[in-house]
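Engineer: One-letter residues, chain by chain:
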Amino acid sequence: MEPQTIVPITVGEVVQKAEQAKKDGCRLVLISCTKIDETFEIIYTYEKDLKLTNYRITVKQDDEIPSISGIYWGSFVYENEIHDLYGIHVKGINIDFKGTFYKTAIKHPFSVTITKEGDA
Amino acid sequence: MTKQITVPFGPQHPVLPEPLHLDLVLEDEKVVDVIPTIGYVHRGLEKLVEKREYTEYVFIAERICGICSFIHSQTYVQGIEQIMGLEIPERAEYLRTIWGEYSRLHSHLLWLGLFADSMGFESVFMNAWRLREHILDDLESTTGGRVIQGVCKVGGVRKDVAPEKLDEMLKGLKNLEHELNELNNVFLFDQSMKHRLKGIGKLSSEDAYQLGAVGPTARGSGLAIDIRETGYGAFGKINFRPVVEHGGDSYARCAVRAKEMFTSIDIIEQCIKKIPDGPVDMKVTGAPDGEYFSRTEQPRGEVIHYIKGNGKKNLVRHRVRTPTFTNIPPLVTLLKGCELADVPVIVLSIDPCIGCAER
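So the protein sequences, as listed, match chains C and W. This note's numbering puts the first residue of the first sequence at 1, with every later residue one more than the last. This note's numbering puts the first residue of the second sequence at 121, with every later residue one more than the last.
Pulled out of the complex, with its shape left as it was, chain C reads as follows (with noise of 0.2 Å):
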């Protein structure tokens, strides 16, 4: 099995390691989100020769992430999933669904808006 490490970036590294990627000739594989206590741990990963590279950022909930959709025009759906699952805004997506990409009957359980009274 491959081994795989992920590496730590800031908020303000996201778009410059995008455009690294893109340089190298890597693919856009996942964008991920994991909650942790109060924080979300967001993992981009590209791929190049069957190797994955990792970088992961860490969030609150009120921060905002750059989307990386001028770079990789196809992250629009993983950027569209975590603000709708999690609240999480994402600033200058290229198809922003405002929260309407996934059209579930009731707020999704991971997102923080379900937590607020009422709001379901």
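Please note that the accuracy of each hint is not assured.
[To be verified] Pulled a few chain W residues facing chain C out of the computed Cβ check, cut under 10 Å:
1) Leu331
2) Met402
3) Lys403
4) Thr446
[To be verified] With a straight-line cut-off of 30 Å between C-alpha atoms, the simulated DSS-like cross-links for lysine-lysine are:
5) C:Lys60 to W:Lys379
6) C:Lys60 to W:Lys322
7) W:Lys322 to C:Lys23
8) W:Lys171 to W:Lys291
9) W:Lys456 to C:Lys98
10) W:Lys167 to C:Lys35
11) W:Lys379 to C:Lys51
12) C:Lys35 to C:Lys17
The hints are simulated quantities; they were obtained by calculation from the structure and are not laboratory data. Glycine included, every Cβ here is placed at the ideal spot set by N, Cα and C.
Given the structure of chain C, go ahead and fit chain W onto it with the hints provided.
Structural biologist: What follows is chain W alone, placed relative to chain C:
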């Protein structure tokens, strides 16, 4: 400027087995823009890691999809085993590989039937599903389940397959190969099919790569992306080459799947010939503490299970990125510029699995 109108495609549509909504922006009959929407069957399965122990969760991971069920469970347990540093018995690796390729065969045959049916090619539809029954019969007789096999576990597999049964499967595959050949000849070389598929829904190699296309959608555009080449399961000991077509159109994507079925048969045959004797599972103690991106090649392409544990029985996170999810941006691109009448065929040419995509 021609007046633009928006036509909703789905979520209920005769060619869609599952709900996917596309807003098609048209100028006359030409699609100029596409806005996809999902979420109709979002079940929040990933959230259940908080309520089920990591060993029990295998059954939930398998139920993410009714087609790629086995490969979902395989990907999940593979990630857990990697975090825990488990070296499972070699025979279990071979059995997983065999069942994984059987899953690919039944998925591609299911797709072939649905695709042919969407174009009114009823004889191909019926014959594809007739052949699929043989695959499902073998899955059922070796695992106990046709759709949900429930045979993967952390540390190996739950069932062994007797040598006599493996020989019987080999004979069955020989017959299947012969019949598949006949079916593919009808499907791929029929003039109507070529007329309907060639040059329709083109995706360049560069676009496929930049948009994150995987599986037959990528390989139909000339990209040799196949996660089986990482050598997971028994693939490291098997000789095979990914099927790649360079047309980039709907016909190329169909041809990839049609030809891949023969690759799967070959892989299964190699596995049956090489499978070693020995146990099929091992005792597992403790709980995963760490994180891993487990990857396998599903019938529709690369699937990723991100698993994060903290040494307790319940995982912290399980996130699944399915091939259909990452094939949505390429779908949007290849629909732009097509005729409205071609939309159903193009959508089915990526073999969307919405159940998978939404988890």
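Engineer: With reference to the structure, classify each hint as holding or not holding.
Structural biologist: Taking the hints in turn, this is what the structure says about them:
1. Hint status for leucine 331 of chain W relative to chain C: holds, with the closest Cβ pair at about 4 Å, below 10 Å.
2. At about 16 Å, the closest approach between the beta carbon of methionine 402 of chain W and any beta carbon in chain C exceeds 10 Å, and the interface hint on this residue is violated.
3. The interface hint given for lysine 403 of chain W is violated, since its Cβ lies 21 Å from the closest Cβ of chain C, which is over the 10 Å cut-off.
4. At its closest, the beta carbon of threonine 446 of chain W sits 7 Å from a beta carbon of chain C; the interface hint therefore holds under the 10 Å criterion.
5. Of the pairs offered as hints, the one joining lysine 60 of chain C and lysine 379 of chain W is violated, with about 48 Å between alpha carbons and a cut-off of 30 Å exceeded.
6. Our distance criterion of 30 Å between C-alpha atoms is broken by lysine 60 of chain C and lysine 322 of chain W, whose separation comes to about 42 Å.
7. The suggested pairing of lysine 322 of chain W with lysine 23 of chain C holds, with an alpha-carbon distance near 25 Å, which does not exceed 30 Å.
8. For the proposed pair lysine 171 of chain W and lysine 291 of chain W, the alpha carbon gap of about 44 Å is over 30 Å, so the pair is violated.
9. Straight-line distance between C-alpha atoms of lysine 456 of chain W and lysine 98 of chain C comes to about 23 Å, which keeps the hinted pair within the 30 Å bound.
10. Between lysine 167 of chain W and lysine 35 of chain C the CA atoms are separated by roughly 11 Å; this keeps the pair inside 30 Å, and the hint holds.
11. A distance of roughly 27 Å separates the Cα atoms of lysine 379 of chain W and lysine 51 of chain C; the hinted pair therefore holds under the 30 Å criterion.
12. The straight-line distance between the Cα atoms of lysine 35 of chain C and lysine 17 of chain C is roughly 22 Å, inside the 30 Å bound, and the hint therefore holds.
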